[in-house]
Amino acid sequence: MRPSPNQKGQKVKPDLRKDSKLRFVKNFFTYRSSSIFLVFIGLILFFTFFSQHRFTRHANIEVLLALGPEFSIVALGVGMLMISGEFDLSVGSILVFCSFIFIRLFEIKMNLFLAGGITLGAGALLGFLNGLITTKAHIPSFITTLGTMMLWRGMTLILSQGFTRPFNPEVVPLLSSILTGKIGGILPVQVVWFGVFGLILGVVLHFHKFGNWVYATGDNKEAARAMGINTDRVKTICFMIVGILCAFVAVMQIVRVSTFSSRAGDGWELKAIAASVVGGTSLMGGIGSMVGIFLGALTISVIENGLVVSRIPYFWTYIVFGLVIISSVVSSLYLERRKLRGG
Amino acid sequence: MTSSPAGGKEEKSLVKMAGVHKWFGKVHALKGVDFEVRHSEIVGLVGDNGAGKSTLIKVLSGYHLADKGEINFEGKRVNITSSLDARKLGIETVYQEQALAPNMSISRNIFMGRELVRSLGFMDKKAMDGGSMEALKSIGLHLRSPDALIAMLSGGERQGVAIARVLHFKAKLVILDEPTIALSVKEAQQVLEFIKQLRKEGISVVFITHNLYHVFPSADRFVVLTRGEKIADVEKKGTSIDELAELIVKPPSHN
Numbered sequence: 001m002r003p004s005p006n007q008k009g010q011k012v013k014p015d016l017r018k019d020s021k022l023r024f025v026k027n028f029f030t031y032r033s034s035s036i037f038l039v040f041i042g043l044i045l046f047f048t049f050f051s052q053h054r055f056t057r058h059a060n061i062e063v064l065l066a067l068g069p070e071f072s073i074v075a076l077g078v079g080m081l082m083i084s085g086e087f088d089l090s091v092g093s094i095l096v097f098c099s100f101i102f103i104r105l106f107e108i109k110m111n112l113f114l115a116g117g118i119t120l121g122a123g124a125l126l127g128f129l130n131g132l133i134t135t136k137a138h139i140p141s142f143i144t145t146l147g148t149m150m151l152w153r154g155m156t157l158i159l160s161q162g163f164t165r166p167f168n169p170e171v172v173p174l175l176s177s178i179l180t181g182k183i184g185g186i187l188p189v190q191v192v193w194f195g196v197f198g199l200i201l202g203v204v205l206h207f208h209k210f211g212n213w214v215y216a217t218g219d220n221k222e223a224a225r226a227m228g229i230n231t232d233r234v235k236t237i238c239f240m241i242v243g244i245l246c247a248f249v250a251v252m253q254i255v256r257v258s259t260f261s262s263r264a265g266d267g268w269e270l271k272a273i274a275a276s277v278v279g280g281t282s283l284m285g286g287i288g289s290m291v292g293i294f295l296g297a298l299t300i301s302v303i304e305n306g307l308v309v310s311r312i313p314y315f316w317t318y319i320v321f322g323l324v325i326i327s328s329v330v331s332s333l334y335l336e337r338r339k340l341r342g343g
Numbered sequence: 001m002t003s004s005p006a007g008g009k010e011e012k013s014l015v016k017m018a019g020v021h022k023w024f025g026k027v028h029a030l031k032g033v034d035f036e037v038r039h040s041e042i043v044g045l046v047g048d049n050g051a052g053k054s055t056l057i058k059v060l061s062g063y064h065l066a067d068k069g070e071i072n073f074e075g076k077r078v079n080i081t082s083s084l085d086a087r088k089l090g091i092e093t094v095y096q097e098q099a100l101a102p103n104m105s106i107s108r109n110i111f112m113g114r115e116l117v118r119s120l121g122f123m124d125k126k127a128m129d130g131g132s133m134e135a136l137k138s139i140g141l142h143l144r145s146p147d148a149l150i151a152m153l154s155g156g157e158r159q160g161v162a163i164a165r166v167l168h169f170k171a172k173l174v175i176l177d178e179p180t181i182a183l184s185v186k187e188a189q190q191v192l193e194f195i196k197q198l199r200k201e202g203i204s205v206v207f208i209t210h211n212l213y214h215v216f217p218s219a220d221r222f223v224v225l226t227r228g229e230k231i232a233d234v235e236k237k238g239t240s241i242d243e244l245a246e247l248i249v250k251p252p253s254h255n
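Chains as they are written, first to last, in this note's numbering: chain Y, 1 to 343; chain U, 1 to 255.
Please note that a few of the clues may not be correct.
A few chain U residues facing chain Y, derived, Cβ under 7 Å [stated by the list, open to error]:
1) L100
2) M104
3) R108
4) M112
5) G113
6) E115
7) G121
8) M123
Hints in this document: simulated from the structure, not taken from any laboratory.
Backbone N, C-alpha and C fix where the C-beta goes; we use that ideal spot for every residue, glycine too.
Model the full structure from these sequences, guided by the hints.
Take a look at the structure:
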């Protein structure tokens with residue numbers, strides 16, 4: 001029995017070495033996230049030409065790198081949650097509710113670092129509630145978070161009466177430079193935060209045992225349970241990560257715009273799901289990668305920005321979103337089927 | 001692989017269940033069943049649908065709690081109240097559909113929930129890959145890479161991965177619930193080879209099935225359940241496929 005696999009191994013290797021370039025291309029396309037990478041590059045080229053190079057102008061890149069990460073950071077968490085097999089439609093509402101908590105703490109003149117900490121705690125708690133209701137009551141998270149989406153948005157509207165409230169970032173300059181400053185006077189620090197969160201979540205998802213539990217929970221919950229993984233806890237932790245990221249972005253956004261607005265985070269829930277799906281995450285859970293989610297989140301930000309600088313009316317945004325979502329999912333499924341067939 | 005304990009010499013049986021009763025509301029699913037598995041023995045647990053095979057096995061694997069009766073494992077009275085208890089004793093169950101995550105790699109599946117970690121919970125991929133390939137080899141399954149996804153394997157190979165997993169974690173008793181039900185003839189044959197390999201490693205196997213043709217060549221002994229009662233417990237030497245088939249469909253006689 002033993003020699004046969006060895007012979008096979010020897011036979012296969014030289015064949016592949018002959019055309020190592022081809023192999024690289026072939027391997028590249030076996031990753032689900034490769035199609036999103038191509039879409040991403042394509043979009044950047046498209047916008048560069050169609051905006052008559054306004055897209056690549058320094059001022060625009062700076063805006064893109066400062067604004068884009070706010071949504072993109074939330075999308076990272078949503079993507080990880082989707083791998084565990086759940087949805088979160090309440091991200092925008094968690095964000096706005098956390099914004100309100102932060103502005104209230106600012107108004108009562110609390111130390112802003114402490115206020116920020118409390119806001120993060122509140123985000124974690126709201127995420128925990130989503131997880132608790134979903135796992136203990138056995139309700140699909142689509143429904144749970146549809147409910148909490150309306151609940152927290154409504155609560156914020158009642159408490160704030162829908163008015164905007166001023167925030168003064170100059171009270172604690174350190175906080176604003178940590179969250180919205182520019183490294184070397186050029187690079188917006190937001191994009192660094194995006195990179196850091198992406199890296200942390202990526203390492204956890206792909207190299208830590210918790211990441212293995214996330215995939216197992218999303219891929220085959222019964223198998224994960226039979227192997228002793230507490231799938232309810234895994235899901236709840238994922239919900240909490242989303243909540244914490246929403247709270248973080250809530251603070252970041254208030255510091256940037258110096259205002260509380262009850263419309264913060266409006267419409268982000270579907271955009272975040274779109275970003276994950278475009279990045280190759282399965283709606284059924286169990287499939288996806290942090291690289292894909294990261295690129296998917298960037299893609300959504302680039303589309304929004306690129307259309308504006310290309311002077312294409314804003315209403316076209318959704319049409320482009322729709323086309324990108326459908327085409328990237330179709331292409332990644334096509335690549336995957338070829339992979340499964342080819343062995 | 002399993003070290004046969006010193007006490008095992010006097011106590012021939014690995015597991016001994018005695019007088020097990022289980023009710024589901026008004027349904028009397030197990031009516032005082034005695035069930036025994038000896039060391040390095042393959043027991044075919046056969047019976048029609050609703051005969052109580054799965055219930056009996058779920059009591060043994062900690063999924064259900066017996067209403068009456070006792071379980072002895074390696075000569076000691078044990079209380080199995082959860083699947084974790086069962087696993088700690090060395091009783092592993094392989095279910096047909098629940099065993100593996102299709103979009104994860106072989107090595108991630110084998111170590112699912114019991115990942116080998118270095119520090120701070122980060123996985124030791126090298127050790128996991130090596131352990132997986134070794135476990136697969138020991139049941140005679142040669143796969144190219146521990147990174148291959150389960151979805152890319154054949155049905156027989158998937159069962160092989162699930163069986164290699166219980167072998168790696170040094171189970172003493174492996175319960176296979178319909179391991180050949182969705183497989184082609186060739187794949188089923190492959191799975192039966194894996195099962196024989198388990199016995200060679202000193203592991204006892206309970207093989208639950210409808211298909212007498214699959215279980216007959218590989219099992220040492222057969223236990224037939226009908227309507228929650230054990231109606232036969234025979235060595236292979238003393239019976240034939242036809243006789244077993246008759247027993248399965250015959251209603252229990254009370255004499």
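Hint check:
1. Checking L100 (chain U) against chain Y by beta carbon gives a least distance of about 6 Å; that is within 7 Å, so the hint holds.
2. Taken as an interface hint, M104 (chain U) checks out: its beta carbon lies about 6 Å from the nearest beta carbon of chain Y, inside 7 Å.
3. Because the closest C-beta pair between R108 (chain U) and chain Y is about 6 Å apart, less than 7 Å, the hint holds.
4. Checking M112 (chain U) against chain Y: minimum C-beta separation of about 5 Å stays under 7 Å; hint holds.
5. The beta carbon of G113 (chain U) is positioned within 7 Å of a beta carbon in chain Y (closest approach about 4 Å), and the interface hint is therefore held.
6. Interface hint status for E115 (chain U): upheld, as the beta-carbon distance to the closest one in chain Y is roughly 4 Å, under 7 Å.
7. For G121 (chain U), the interface hint holds, the least distance from its beta-carbon to any beta-carbon of chain Y being 5 Å, beneath 7 Å.
8. Contact between M123 (chain U) and chain Y, as hinted, is supported at the beta carbon level, the nearest pair being about 6 Å apart and thus within 7 Å.
In terms of the numbered hints stated before, the structure departs from none.
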